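Given chain Z, put chain V in place with the hints provided.
Chain residues, written in single-letter form:
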Amino acid sequence: MKYIKLVILGLLTFYFYLLIGLLASSNGYKHPEGIFLIEKGLLALKGNPPRLENTGLIYPPLPFYAIFPFIPFAPLASPFLASSLGMSAFVIFITYRLLKKQHKPILFVLLFLSLTLNPLLLYAGSSGSSIHLYLTSIVAFYTLIFEYYSKPISFYLALSGVLLGLIVLIRYEIIFILPTLFFATVLLSIETTIGREVKFSEFFKLIKELPAYRKTFFRKTFAIYLMLFVPPTLAFVSWVYLNWIFTSNPFNFLESPYAYFRTLKTYALLNPYLLELKSNIFKDFIEVAKNILLLSPMFFYILFIFRKKPFYTFALLAPAFGLIISSYFGLSMMTIDFFASFILISFIGLMYAISEGLVKKHNLAITVYIILLTFSIYTGFKKLYNSIYPEENLFIKALIEGKTNETFKEDIECAQFLKQVAKPDETIIIDDSNGYPVVAFYGDPKNFILPYQYEFYSVVQTPEVYADYIVVYNPDRFEGARDIINVKNGNIFHKGKEGLELIFSSEKWRVFKSQGKFKIFVKG
Amino acid sequence: MMLPEIGRYSVREILIERGILSEREMDEIKKFKNETGWSFAKICLTFGFVSRKKWTEAVEGLGYKIVDIKKERVDPKIISYLNMLVMEQYLGVPLRKENGKVIVAMCDPTDIEFIEMAKRIFKTEVDIIFAIDVDIVWVLHKYLGPPFCRIAIYNLLWNDPDRSAVLTFTPRQIAIILVIITAYLAYFSFNPTDAIILINIIIGLLYLLTILFKFTLTIVGARYELHETVTEEELKKLTDEELPIYTVLLPVYKEPKVIKKLVENISRLDYPKFKLDVKLLLEEDDFETINAIREIDLPTVFEPLVVPYGEPKTKPKACDYGLLFARGEYLTIYDAEDIPEVDQLKKAIILFQKLPDEYICIQCALNYYNAEENLLTRMFTLEYSYWFDYMLPGLDRLGLPIPLGGTSNHFKKDKLEELAGWDPFNVTEDADLGLRAYAKGYKVAILTSTTYEEANKAIKNWIRQRSRWIKGYMQSYLVHMRHPIEFIKKSGLKGFLGLQLFIGGTPFTFLANPILWIVFITWLLTKSEIIKEFFPDWVMYVSIFNLLFGNGIVIYMNMMSVFRRKLYTLLPFALLNPLYWILHSIAAYKALWQLISNPFYWEKTEHGISEFLKTEHHKPR
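For the protein sequence lines, the chains are Z and V, in the order given.
Residue numbers for the first sequence follow my numbering, beginning at 42 and rising by one.
Residue numbers for the second sequence follow my numbering, beginning at 10 and rising by one.
Hint data in this document are derived by calculation from the structure and do not stem from the laboratory.
Note that the structure is a prediction, hence the values are computed from the model and not measured.
Certain hints may be false.
[Claimed, not checked] The list that follows gives simulated cross-link-like pairs (lysine-lysine, DSS-like), each with its CA atoms no further than 25 angstroms apart:
{"no.": "1", "chain 1": "Z", "residue 1": "Lys-261", "chain 2": "Z", "residue 2": "Lys-240"}
{"no.": "2", "chain 1": "V", "residue 1": "Lys-575", "chain 2": "Z", "residue 2": "Lys-261"}
{"no.": "3", "chain 1": "Z", "residue 1": "Lys-87", "chain 2": "V", "residue 2": "Lys-541"}
{"no.": "4", "chain 1": "Z", "residue 1": "Lys-240", "chain 2": "V", "residue 2": "Lys-575"}
{"no.": "5", "chain 1": "V", "residue 1": "Lys-363", "chain 2": "Z", "residue 2": "Lys-246"}
{"no.": "6", "chain 1": "V", "residue 1": "Lys-269", "chain 2": "V", "residue 2": "Lys-541"}
{"no.": "7", "chain 1": "V", "residue 1": "Lys-541", "chain 2": "Z", "residue 2": "Lys-487"}
{"no.": "8", "chain 1": "Z", "residue 1": "Lys-192", "chain 2": "Z", "residue 2": "Lys-43"}
{"no.": "9", "chain 1": "Z", "residue 1": "Lys-249", "chain 2": "V", "residue 2": "Lys-575"}
{"no.": "10", "chain 1": "V", "residue 1": "Lys-575", "chain 2": "Z", "residue 2": "Lys-256"}
{"no.": "11", "chain 1": "Z", "residue 1": "Lys-192", "chain 2": "V", "residue 2": "Lys-128"}
{"no.": "12", "chain 1": "V", "residue 1": "Lys-503", "chain 2": "Z", "residue 2": "Lys-43"}
{"no.": "13", "chain 1": "V", "residue 1": "Lys-110", "chain 2": "V", "residue 2": "Lys-128"}
{"no.": "14", "chain 1": "V", "residue 1": "Lys-503", "chain 2": "V", "residue 2": "Lys-284"}
Only chain Z is shown next, with the shape it has when bound in the complex:
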């Protein structure tokens, strides 16, 4: 019976986030990452030929795989179908844990309020971004590692390790979180060895005086380290191996011009706000702390509750330190994405604070938490509304105000135009580093000649001969200078080319039709 109720709850959660996603989408909102995932998903499942490696081996792979089940029948909705499913699975998991620990009903209400009203969580669950995977994984990790602390059963430790390994393939930023977790692990070992009433000073005394105790402790600590850090290591090694077999360069995902961190760095350099934070640890600290305080003030309250528990403190601080470090290196966009997790991490913290008996006055603690949560809901809306990133502010505007200016309006127009003019056996060449939205909105990658195909690099030299339609990105726009077609054909966007007729023009895109060529592709 209990399980049926959990399944129903999951279905309701799924429906809720799907509704939000559909609402935002129908009001013109599209998340760039979501569109990117759709395009890669289409290439993997419907490409020419369909292969997993068409997704490229640069971006972490799991966000793509999460949307695969939905690509065949609803590609444009696949990102928020995936995020809705992810959030519903997460809700089932957290609710199950709440039930297992026999928590008060108010905690269920708090969870419900957070998930349905907090705009950061709505954004994570419905915008189409893949951050829901990171959010659910990291919060599940904390749940399991805290459970291991509470009941040292290796089951929880093993699953925590597995989750850390999975997060490596979801967001590379985990690399900045691991150092603090590395330190927190020794605290985990100490605190699970000494028991709740024994002080650290007594522990060190025992370590010094009893060789057998010392030996056992070090062995146990080493074992916990291996359990937690072997999976992320294995995930990294697997990714290196896959890069090697599919691209011949094991570190392609780091060295490619389109590498994840390289792209982040480029964006950060062009952003004055982020540029200020680079290499300035003090500013990074202030900025991260400020954002957490605004968006998830409950987090500081939870840290206060756990002030006498070093393991909890450092474990909770790990994502915060991760943000500071990544910002210091100029590798963080300071988007909402990573701040959303603090809301749910705080909730998990509250759950365990109550069950571990760290909070004597439950009602007071919950009241304080509710006040802070309410505050965070308000600040979350404000933050999103005033965000410098269109994908964030347009999301909230799409929900509250209704219709927004479509962020991909021109890409959609270009795609629709191509759909009208291009016959099924005709080919379209485009550089999808900027053109991924066009491919995504077109819906069928089989017509396209894209960089993932070997033929692209020969066709791009003389596109007028080998392709029917040539789609070129405006080189004057941000990132437009790297459009390969433009680069290889002498600024074709502005100058055109003999043998090509301009048939579509917008601020972003121009489409040229070839006037006579040899067909090298046989469709079917």
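Just chain V now, kept in the frame of chain Z:
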């Protein structure tokens, strides 16, 4: 042989005089004798009141000389005059007629009752010679045991022929295999590339399913890591009066080195000795072990039972023979090198009392006392910890058939008899029995009590042992796949899946492993397009997933297995599992060869080779 005047002293009086038996012990013996009718000699030797060496000295003190009656001439007609069980109780056996008298071998030459009985039956005088109990039992079972031996061998075959491994492949199975091979070869001849791709697909998917299945089992089993099936409080409440007779079967063969340790370990069991029915199962031709028993100079609780010669000469046959003479309400088996936890029998009884009636067997955990002797013992310990502490509990929780371990399975004796005992033709009779029990609607529970064994430290010895286990799994799979529809009907789809993935999947992965690794390494070194041809995209993805995730998760689960027993030093060795799997594959191919060429051959594992046994009095962790 001297026949001194009887009545001057009895053995009883000698033992009291020498302080070997106290008055209190005499009273206990007398009480048991009155209740059961057993002879004084039998009670003393079976229940550890007197060691065999001390008994021999006492009897020799009366002027008798011990005779090895195994070498004596025995007249089968004379021996059959008396009931075998009666002779066993008195530890006396008539050997032959000579010079008008019957030569009677007795363990207690001063036992008037038996002497008078012999005189009455043969209507003649008797000449008494002294023989120790194990030799008397040897003679009894050699000459009178063969009919029982036939029952032991053929019981399952008579009662449930479809479940006997006497036939490795049934005609129908052979026909099906031939049809499949022929069809495949025909397909191969038309389209070799696609035919090889098909094999790759099948192997890849089976691998994937097996890995996911084992992962699920481990995770489910791991949740109950700290769960104790029987608590200390429950143990304390149990009184000796409530306890039933418990049979302990100890099958041994050529174990002169460890026999002393074995009987010592069994004697330490926390169970009222008069309620223990410990049967040391010896083979007729195992003179080394029999002679070693005579030399044991400490009181031990066991009753020797000699299994007459008869093919197949296997442990399950010996156990089936022992079952015929078992007196207990419950029964368990221990191997030669086993050290069970002392309260294991009591815990088993408590658990049986707590469980519903359909639970007829309890499997305890097995682990090793020489875990850190060398790399092989470390890997073996990791494997066993994983198997017994996580996988079997996972099977238990999911309600799937549990292949029993070789020892420390505790049975309700009547149900074991209903199942016709073990299959003497199956070299992993334990795994088979678990499946048969499941197929009949019975269940097996897991008890968190450990029996410590000796981990094989020598590679060749290990391969011999492992090849037998894998061969047994193959045999069990073939037996239970004779009627797959019937199996599904009786055990459900879940049980059938367990049979495929666990019993069938285990030898399969070890056989497939080397082929896959060879293909992978060849491709890695050459990047040959020819190999790529046989791995089209989606097949390759499954293969890569199996290689990376599959291997990774199995190693990781092995790492997890150290936590329950806090064997933290073993954890890093889990990373060496790929090397350990090579040994498994060698054993698997040996098993496959023997399955066809010599299916009933029992690869004897040498025990007592651990340095641990030689240098210290070992204690379990």
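For each hint, the structure was consulted:
{"no.": "1", "hint": "Lys-261/Z with Lys-240/Z", "verdict": "holds (19 angstroms)"}
{"no.": "2", "hint": "Lys-575/V with Lys-261/Z", "verdict": "holds (8 angstroms)"}
{"no.": "3", "hint": "Lys-87/Z with Lys-541/V", "verdict": "holds (21 angstroms)"}
{"no.": "4", "hint": "Lys-240/Z with Lys-575/V", "verdict": "holds (23 angstroms)"}
{"no.": "5", "hint": "Lys-363/V with Lys-246/Z", "verdict": "violated (45 angstroms)"}
{"no.": "6", "hint": "Lys-269/V with Lys-541/V", "verdict": "violated (60 angstroms)"}
{"no.": "7", "hint": "Lys-541/V with Lys-487/Z", "verdict": "holds (24 angstroms)"}
{"no.": "8", "hint": "Lys-192/Z with Lys-43/Z", "verdict": "holds (23 angstroms)"}
{"no.": "9", "hint": "Lys-249/Z with Lys-575/V", "verdict": "holds (21 angstroms)"}
{"no.": "10", "hint": "Lys-575/V with Lys-256/Z", "verdict": "holds (12 angstroms)"}
{"no.": "11", "hint": "Lys-192/Z with Lys-128/V", "verdict": "violated (72 angstroms)"}
{"no.": "12", "hint": "Lys-503/V with Lys-43/Z", "verdict": "holds (23 angstroms)"}
{"no.": "13", "hint": "Lys-110/V with Lys-128/V", "verdict": "holds (10 angstroms)"}
{"no.": "14", "hint": "Lys-503/V with Lys-284/V", "verdict": "violated (39 angstroms)"}
Going through the hint list in order, the structure does not satisfy hints 5, 6, 11 and 14.
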